[in-house]
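2 protein chains.
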Amino acid sequence: MSEVNRQILLAARPSGFPSASDFQMVSSPVPDPGEEQVLVQVIYLSVDPYMRGRMSEAKSYAAPVNIGDVMTGGGVSRVIKSRHPRFAEGDIVEGITGWQEYAVLNGRGLRKIDPSFAPLSSALGVLGMPGLTAYFGLLDICKPKAGETVVVSGAAGAVGSLAGQIAKIQGCRAVGIAGTDDKVAWLTGELGFDAAFNYKTVSSYRSKLAELCPQGIDCYFDNVGGSITDAVMALINQSARIAICGQISQYNLDKPEMGPRLLGQLIVKRARIEGFLVMDYAARFKEGLTQMAAWLREGKLIYREQFTEGIESAPQAFLGLLQGANTGKQLVRVSPE
Amino acid sequence: MSEVNRQILLAARPSGFPSASDFQMVSSPVPDPGEEQVLVQVIYLSVDPYMRGRMSEAKSYAAPVNIGDVMTGGGVSRVIKSRHPRFAEGDIVEGITGWQEYAVLNGRGLRKIDPSFAPLSSALGVLGMPGLTAYFGLLDICKPKAGETVVVSGAAGAVGSLAGQIAKIQGCRAVGIAGTDDKVAWLTGELGFDAAFNYKTVSSYRSKLAELCPQGIDCYFDNVGGSITDAVMALINQSARIAICGQISQYNLDKPEMGPRLLGQLIVKRARIEGFLVMDYAARFKEGLTQMAAWLREGKLIYREQFTEGIESAPQAFLGLLQGANTGKQLVRVSPE
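Sequences listed follow chains L and G, in order. Residue 2 is where the first sequence starts when you use my numbering, and the numbers rise one by one after that. Residue 2 is where the second sequence starts when you use my numbering, and the numbers rise one by one after that.
One chain only, chain L, in its complex shape:
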């Protein structure tokens, strides 16, 4: 066991797109757990778009990370010392640890993972927050009906790839928007999306969407925002339901972007747009995980994970995520299983 805890701190608040210099790696002694605390060693760190928001001082649903503090993040860890009645040495747990190799935690929000059930990393993807986000966002907000057309932006990401597959399970036409030809091939080839396109190589989002959604768009699961969402909005059907899960196209802008006003279209189409956070569904996580695990066992859900190696690679993994470098779930392998 390493005697030092390597940590990634927030070094500066980025204006616009973040860079490696906004982070700083430091080493500190591995801490000891106090009473009712555990010491965990991080195995996999989850890398997620929401982390961009925590780097910023703008008011949001969660407090920002302070300059000089360990970057926030969740992961799968192993309990290596426990002074907490609920956890024993060797337990595998999922929860917020921050971008570091070791963390002392008080057990709140920490869930035990059964390592025999599924690969450990899946607790950060299909059987974790991204899976629950796709599940509740699609089923609870979009409420798709069989035969309807569901468009997913950011479709090759951890959440989007699952949202589209859940739409297929519901009997819908699933249409994905992604940023590389490889992602598009993965969506239509392996994941069963009915159609998908690379937004970086089409001349008109709207024409392409109109071609791939001949019956219009009933549901939209939005991870991206911006002009992609403008194009979708122009093609929604009457009583369309739009779930706003993320707006990654807007996270790295110096100042808020202007766009065409879309509220008039909501009247014409009697449509609904709703933003959501998965944490608001905490009381129903068990339901979501049970269903996702069942679909996984039945072979109805396919997922992909991508790893960088070592806590020192976390900034690069995160910057890549913001640029769309990942297909499926982006993780950092911090220590061996």
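Everything hinted at is true.
You can't tell identical chains apart in this list, so a pair holds if it fits in one copy or across any two.
Simulated pairs of lysine-lysine, DSS-like, Cα-Cα distance not exceeding 30 angstroms: (1) K144 with K287; (2) K60 with K209; (3) K146 with K60; (4) K301 with K287; (5) K146 with K209; (6) K169 with K144; (7) K301 with K144; (8) K256 with K201; (9) K146 with K169; (10) K287 with K82; (11) K301 with K169; (12) K60 with K256; (13) K113 with K287; (14) K301 with K113.
It should be emphasised that the hints constitute simulated quantities derived from the structure, not laboratory data. These numbers come from a predicted model, not from an experiment.
Assemble the complex: chain L is given as a structure, and chain G must be docked to it using the hints.
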């Protein structure tokens, strides 16, 4: 009885703000009803913001009026000849007649009005489409709870003035936005709004709203859109519900306006925006009218009507409406009761 039917035709499609020259008055013979038809004489013509949409060729939920056709509109009329089994001479009816003194109708969508129940004109306001719009938009889309803050834009209009009063009946704090000091005084003085302001004389919509909504904004009933709505969006609370009833600030623009993108705020606040059309609630009109009539009898709803005289005044009444000249319901008195 006049031998001629004076009609207002759509003469030209306006680009931007309409003018009197977009309409043309013609006289034609009073038509005879065919089998299963009635001839009605219009008493009151309703003047409504939606009419601006029908002057335009832009795709919407209803077909545009063709150039040279009678302008569309609804009103209260008297049956003067009937060849329809459901209607008798002398019946008072409410329904679409167009901007003219006489109309031959087939009875579809025509409802009989009991003239002993309430003033005839109220069938075009508090006990008609505007009342139902306020009722379903507020109660079904905003779903306000006692103690919450409800903001209404276009608050002194036919719909907005009722939406705010229904919010008060629900035990909410009602805050109105209107365009003259007289309207503001009417809202807070007679109608019981807790607060209101004249958007034309404040230096910052947002500061004024923040002052009048110290607990934030839980529900927003929007008739206006544009920068007023931007200011409201900045102040919404978690789980806010926003009903988009109209966007009158946008109806007379040459080209779609750009505005700050607001979908990110929906995530932060887990908020919902929904557009609606009252006609989608047709199956529940009886419920709405029964409740509105009960509140009216109990003295819980106050309304105001404004009249211009003669069908020839319809264009002026309509242009005034688009400029905010009306307080409460704008009507044209086409013939005596």
